[in-house]
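Quick note, the sequences are listed as chains A and B, same order. In terms of my numbering, the first sequence opens at residue 406 and continues consecutively. In terms of my numbering, the second sequence opens at residue 406 and continues consecutively.
Certain hints may be false.
Since copy identity is lost for identical chains, a pair holds within one copy or between any two.
Subject to a maximum C-alpha distance of 35 Å in a straight line, what follows is the list of computed DSBU-like cross-link-like pairs (lysine-lysine) [to be verified]:
(1) 868 - 999
(2) 790 - 999
(3) 1030 - 484
(4) 999 - 446
(5) 514 - 544
(6) 484 - 454
(7) 484 - 1158
(8) 514 - 454
(9) 514 - 991
(10) 868 - 1030
(11) 991 - 586
(12) 998 - 1158
(13) 484 - 868
(14) 544 - 484
(15) 790 - 1158
(16) 454 - 544
Hints in this document: simulated from the structure, not taken from any laboratory.
Number of protein chains: 2
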Amino acid sequence: MTHGWTRTALILFAASLAMWLAPAQAGDDTPLDGYSAADSKTQREWEGKFRDLPDAQILRSSMERLSARPHHVGTAYDKDNAEWLLSRFQSWGWDAHLETFDVLYPTPKRRVVEMTAPTRFTAKLEEPDVAVDPTSSQKKEQLPTYNVYSVDGDVTAPLVYVNYGSAEDYEELDRLGISVKGAIVIARYGRTWRGIKPKLAGEHGAVGCLIYSDPRDDGYFVDNVFPNGPMRPPDGAQRGSVEDFPSSFPGDPLYFDRGDPSAPHYTAANAPGITKIPVLPISYGDAQPLFAALGGPMAPTDWRGVLPIPYHVGPGPAQVHLVVQSDWGLKTLYDVIARIQGASEPDEWIVRGNHHDAWVNGAEDPISGQVALLEEARAMGELVKQGWRPKRTIIYCAWDGEEPGLLGSTAWGEAHGKELQQHAVAYINSDSNARGYLFFSGSHVLEHFLNGVARDVEDPETKQSVGERRRLSLIGTAHSAAERAELRSHPDVRLQALGSGSDYTVFIDRLGVASLNLGFGGETQGGIYHSIYDDFYWYTHFADTDFAYGRALSQTVGTAVMRLADADLLPFDFGGLADAVRTYTKECEDLLKKEQEDTRERNQELREGVFRATNDPRHPVLLPKEQAPVPYINFAPLDNAVDALARAAEHYRRAMARAGAGSLFRSPEALRPINAALRQSEQHLLEAAGLPHRPWYRHMIYAPGLYTGYGVKTLPGVREGIEQRQWQEAESEITRLGNLLAADAAYIDSITKQLEQSAGGQ
Amino acid sequence: MTHGWTRTALILFAASLAMWLAPAQAGDDTPLDGYSAADSKTQREWEGKFRDLPDAQILRSSMERLSARPHHVGTAYDKDNAEWLLSRFQSWGWDAHLETFDVLYPTPKRRVVEMTAPTRFTAKLEEPDVAVDPTSSQKKEQLPTYNVYSVDGDVTAPLVYVNYGSAEDYEELDRLGISVKGAIVIARYGRTWRGIKPKLAGEHGAVGCLIYSDPRDDGYFVDNVFPNGPMRPPDGAQRGSVEDFPSSFPGDPLYFDRGDPSAPHYTAANAPGITKIPVLPISYGDAQPLFAALGGPMAPTDWRGVLPIPYHVGPGPAQVHLVVQSDWGLKTLYDVIARIQGASEPDEWIVRGNHHDAWVNGAEDPISGQVALLEEARAMGELVKQGWRPKRTIIYCAWDGEEPGLLGSTAWGEAHGKELQQHAVAYINSDSNARGYLFFSGSHVLEHFLNGVARDVEDPETKQSVGERRRLSLIGTAHSAAERAELRSHPDVRLQALGSGSDYTVFIDRLGVASLNLGFGGETQGGIYHSIYDDFYWYTHFADTDFAYGRALSQTVGTAVMRLADADLLPFDFGGLADAVRTYTKECEDLLKKEQEDTRERNQELREGVFRATNDPRHPVLLPKEQAPVPYINFAPLDNAVDALARAAEHYRRAMARAGAGSLFRSPEALRPINAALRQSEQHLLEAAGLPHRPWYRHMIYAPGLYTGYGVKTLPGVREGIEQRQWQEAESEITRLGNLLAADAAYIDSITKQLEQSAGGQ
C-alpha cells in the first residue's frame, strides 16, 4: 500500500488524512519502507528512545560555549572549538579525528569607503558594540566587515545605484541610458547571491562595488532593530563570501579539485573565483549619505527601499573612493570527522554534516545547527551504550571554512571523493536553525523517505507532526486553487531542489551522493546575518529561545540518519525523481513558450509604436531593440526519457512492494548488491564532462544558478541555455539530458530486475 | 461604415490602423457621425479653426491671476475670481451671470493633536512657507489644514494604526485581535476616499481619526520633495472634505435636494453627511513621532510605509489628544453661468463645467482645468465673431464650492433639475489637468462619439492623436495577453465609468444627463494636492509647465462641445452601453463565483487545520469563523435584458447608418423628436426610488461606492449586494435592473422605429 498512493490517492486521501494529522503512535505497526515487519518494530523502538534524548538545556549550553568568542577561519577559537567538538564526540564513544587543510583565506588590512564629492563623508565601516550584549564588545577578535575573495583595489569613481545588481537590473539601466562603465556601483543585498553583484558589475565595466543592507529587506521595515528587536541596526553590515563559485567551483579558490592531482591549481593572482573588481559591504547608516548625494533619474519604483530619501540612480554627482587591501595568507581548516562503525554493512556510509566556523560569533549561523548535530551524536552514543548497533557506518562531520566558500566540506569531499562515491548512501546537511516549519530540500530519490520521517517527529508548538504542519502551511500560502489541489492530492510534501549555499554542494553536485538539507524556520525574523550581533544574546532573545526547534531538528535528522543506517533495503524511491524531472521539463517548455510570446509581443509593440507613444520626453528611456523570433526547439528526446524514467520508477515501486512482502529482507547477502546499486543511482545523474562552461558541476538535474548563485537551476544545461537565449546549446543539452535519463531509466530497470530475481529466489 | 465596425472589426482592423495613427487630415471627408456630408465638411472647418485658437500664454496668465491668492469658499478672492470670470465671459460675447447659494461651510477655530503618553509631543499642524515660492507665505488668507464636515470633538485615547482604514483593513485588525473601540485611529491617505476613513472608524467604535500622508504614497519615495521636486514635504498635509456623501447625498449637507421643496432639510446637528467622530489631517512630519511611540504587533507587511521606523499597530502606548472645533456658519457660493444661444435648437443644451474654488491657491486643483475651460470660451466667442452659429445652446459653468462636497454644481443642478432633464444633451466636466495621456470616463452612449473627437486632437508631445496615444498606452500597460488582444480588436478606447469626486455627480447620478469627465495626466507626479504648495510656482516648475496639455484639453473638450452642439442627429450610440453592461454583469457573476470559492476554501482550510498549523504562538492571530456557503443567484433576468439591450443597440446602429445615407439630416423638424428621445435616453437608466439605502442616487449603472467613495461601483445595487453578502438584496436588485434594462431596450427600439419611419418618410 505504501507505494500505491499515486494511483489510488483520491480514494485513500480522505480515509488516511487522519493518519497524517498526528505523529505516528507508539503502537503504529505499518512496516517502515525497506524494513521487514520485525525489523521495523525494533527500529521504531530505537528511534522513539532516540527522540526522547535531545535536551534543550544542553543545546543552550553548547551554543553558549561555541559562540562565546569570534571563531572565523584561522582564529584560535576556531581551532579551540574544533578540538572541543572532537573531545565531545570522543566522550560519547565515537571514533573521531581532525582533518586539516591549508587554504587561501584573505583577511582585510585596509578598507576605505569615502565620498569625495559633492560633499565629503567617510563611511564608518564599523559595527558598534551594544551594552546589553556581552559578546558584541569583543572588538579585537572580530573580523571587520568585508567580502572575502574580493580582489585588492583602490578606485575613485562616480556612484551608480544598480538595485540588486541582477541581469534584469542592468537591462533596466540600459533602458534608462545609464552605463556603469568606469563607475562604482552600489547594490543592495538580496535577490541574487552576493557574489553575483560584483561579478555582473565587473562584466558591465564597473571598477568597484559596494553592497549595502536596505532597511526594507532586513532592517526597521521588518521589525524593531537590535537590541530592541531582531533586525539590523543602522550600522550593522553583512560580511560574506563573493567567491565566484557558480561559474568556476566552490572551496579553496586555488584548487579545482583537491582529489585530482591533475586538476588545475591556481595562485591568488589567477584564481577564477576571485572577483575582478574590489567590493565591500556597508551598513545602511553608511549608505544613506551616499544615496542622498545621488542625482540622475529616479530609480524604478521596485528598486526603492525605505531609507527616508528619494532613491536616484546616478551616475554621480556622488564620487566615491573605495579601497580594499587584504592579507592573502593561507590558513588552516579543522574539519572534525567522527564515526560509528556499521555492524553488518560497515562499507555503507550515512554522512551527516554542519559547519562550525562563523563570520563572528555565529550563534545562529551556524551554531544553531551545529548544536542540534551534537545532540544527535550524544544521543546516538547513548543508544550504542544501550545496545543499539547500526547496520551501516554513520559519519558525523563538523565542517570548518564554510563561510568563505564551503572550504572544509569541499576539501574533504574531494579528498575522499572516490571512497564516497563507492560507500556513501546519503549526505544530510543542516546549517542555521530557527522556529517554525521544517524546510526540506534535496535529492528526489529521498523525497518519499523523508516525508515518512517528517510524519514521525512532533512539532513542539502545534503537536502535529512536522511533516503535516509543513504540508498545511503550504496549503495556507499556495497561490492558486490548482496549487492547493495539487498539495491536497499528494500526501508527500515535494522536496525543493538543492542550489548551493551550504556544505551539501560537493556531495550532490560533484560526487552524486544523494543529499538532503534540513532546517526549521519561517517564524523568526532576523537582521543579524553575518554581523557581530549574531550571537548568544540575540539568539536567546529573538530566535529559538527555548531551543524547542533545536531539539526538533536533532529529532528529525537523527531519525533520518538512523532509519537510513538500519534499513534492510535502502528506502530509495524513483517516483519522486520522475515527478520532479517531469515538472522541470514542463517548466523549461513553458519558459521557452514565454520567451517566444514575450519576444513576439515586444516586437509587435515596437512596430505599433507603443514604446514611442509612452516615452515621456522629460524622462526619456531608450526603446528596446527588435529581437529575432525565438525558435521552436525539439523537446522530444527529453519528453521520451521522462516517460521512460516514470515507467522505470513505477516498475521499481511495484517490485519493492512485492519484495517487502517476501523473505528477501532477511537476506543481507542478496540485498547487498541491490543496495550498492541503489546508493550509486544518484551518480547516474552526473555527466563526467560537467555542465556547459563549468565542468566542476556534474549533476545534470540540479545546480546553483550561474547568475543567481545559491538559487537552484533545475535541468541547468537546458534551462540556462533558454534563459541566456543560447538556443543551439539548449537543444544539444536536451539531447544530452535525454540520453542520460534514458540510461538512468535502464539502470533503474536493471535494479528492478535484480530485486525481482532476488525476491523470487528467496 | 462608421457603425459597422463591431461585426467587421477583424477584417477592417489592419486596413484602417493607419487611419487612427495620426490626427484626421484637413482633407478627411468621412462624414462625422450624425452629420450630413456637407454639414460635416463645414463642421470640420470650424473645429479646425477652433483648435488653432487656445493660447499657452493666456492659459498661463489666467492661472497666475486665478491662483494669486487663497480662494476657498467664503473668501474675498473666491468672489473676486467669480466676478473676474464673469467679466471674461461677457467680454467674449457670452450671456453670463452669477448664481449664488448659501451653504453650510464650517471652518476651523481650534485644532489640537498632541501625544500625552508615553512622551509628550505637539503636532505642528502647519505648513511652512518656502522662500522660492511667493504665494506660500500668504499665511493670513490660508485655510488651516483640516477636514471639512468633521464633527466638533475633544477626545483623548490610545492610538491604533488602521492602514488605509478600509473594510478589509478592519477585518485584518480583527484577525490580530485588535479593536479600535474607544481609540483614536490613524489612517493613511489613499486607496479609499478620505471620508470613508472616519466613517468606518466610527462604525467600529473609534472616538477620533487622524489621516496622514505617508511618504510612500506622495512623498520622498516617489520623487524629490518640494521645493526641490514635486512631492510632499515633511510638513505638508492634505486638506479635504469628509462629508459622508456616498451613503447620503453630495452638496450642502443641509439639503437633500434643493430642487424639491418637499425633500428633507437638516441642521448641522442632524445632517447625515457630517462625520460621527472628529477627524484631522496631519503631515508625515507630525505623524512620525506618533508612529514611533506605537507598540503592539508589527503592522501587516503591506500596511507599512517608508517612514524610517518599524510600523506597529498599537493600541498605544501612544495616547493622543485630539480637538476639532469649527465655526459652523453659512457662506455664499458664486457659480458663474455663461451661455451662447443655439441658433436653431435653443432648447437643446450642451453643458460644460469646471470648478473655480480651491483649498488654498489651487493652481493645479482646479485652476489648470478652469483655464482650459476659459480658453474654450474665448475661442468660441471668437468663432461666433467669425460667423459660427451653433445649432444648440452652449452653457459654460465655473462652479464654486466643489472642494467641500460638490456644493456649487449640486445646488445648481438640483435647482435647475427639471429644465436640465428636459433640455440637456450632455454635461462635460474637467478638473485638474496635467501632462500625459487623455483620461476619459463617462456615459457609454458617448463612448464612440468621444473616441471620434480624440482621434482629431493632436498630442503635443508625440504628434499622434490623443486617442491613439491613449490606446497605445493601454496596450503598453495591459496585464495579460487577453487584455491586449481585446484592446487590439477594439478600435475605440473603452470609457471608464464615472464614480464621484468632481462636479459631474449631480448630472449623471441624480438627473440622468449623459456625462463625460476629461483630463490629461500620467506623466506628472505631485505631492501638493490640497496643500498650500499647489500654486503657480509649483505648477510652472513641475507640472504642465508650458501649458501644452492645457491647450490640448481646451482643444479636446471644445471639439466635443462643438460637435455635439452642431450635429444633425445626436451622435449617441447604444453599442458601447450594451458592451459595458455586459462586461459589468460578467464581473458581478465572477464576483459571486469568487465569493463562493473563497468561502468554500476558507471553510475547508478551517476544517483541515491550516490556520491552526500556521498560527505562530508568539504572534497569535484569531482564526477566521466558518461562514455559511454562498448561494447561487438567478442572474437570468439581467442576462436576458443585456441581450435585449445589445439587440436594440445593433438595430439602432443600422437604422442610424441608413438614416445618414438619406436626406433626413436636412430635416430639423423630423430630427427634433428623435433628438429629444436620444438626449433623454440616459434618464431611462434611472430608478425614481434610487439605490438601496441611498435614494439620492438614481442611476442604476454607475454610482460612487458606498465604501470606496470616489471609486465607481457599476451595477451598484447588484455589486454592493454581493460585496456586502446581502444575497437577497443582490437577487432583487438583479430583477429590478433586469426590468429597467428591458424597458430601456424597448425605449431604444422605439427610437429606432421613429428614425426608420422618419428616414423612410423623407
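Now for the hints, and whether the structure bears them out:
1. 868 - 999: between (44 Å within a copy, 34 Å between copies)
2. 790 - 999: neither (60 Å within a copy, 61 Å between copies)
3. 1030 - 484: Neither way: residue 1030 and residue 484 sit 57 Å apart in one copy and 56 Å across, limit 35 Å.
4. 999 - 446: neither (52 Å within a copy, 49 Å between copies)
5. 514 - 544: within (15 Å within a copy, 59 Å between copies)
6. 484 - 454: This pair counts as within: shortest intra-copy Cα distance 33 Å, inter-copy 90 Å.
7. 484 - 1158: Answer is neither: 50 Å inside a copy and 98 Å across each miss the 35 Å cutoff.
8. 514 - 454: Result: close neither inside a copy nor across copies, 52 Å intra and 76 Å inter.
9. 514 - 991: For residue 514 and residue 991, neither the intra-copy (50 Å) nor the inter-copy (68 Å) Cα distance is at most 35 Å.
10. 868 - 1030: Between copies, since 22 Å is at most 35 Å while 57 Å is not.
11. 991 - 586: Neither. Shortest intra-copy (39 Å) and inter-copy (53 Å) distances fail the 35 Å Cα cut-off.
12. 998 - 1158: Answer is neither: 39 Å inside a copy and 52 Å across each miss the 35 Å cutoff.
13. 484 - 868: neither (39 Å within a copy, 73 Å between copies)
14. 544 - 484: Within one copy, since 19 Å is at most 35 Å while 71 Å is not.
15. 790 - 1158: neither (40 Å within a copy, 102 Å between copies)
16. 454 - 544: Neither: 44 Å inside a chain and 80 Å across chains, both beyond 35 Å.
Going down the numbered hints, you'll see the structure goes against 2, 3, 4, 7, 8, 9, 11, 12, 13, 15, 16, while the others check out.
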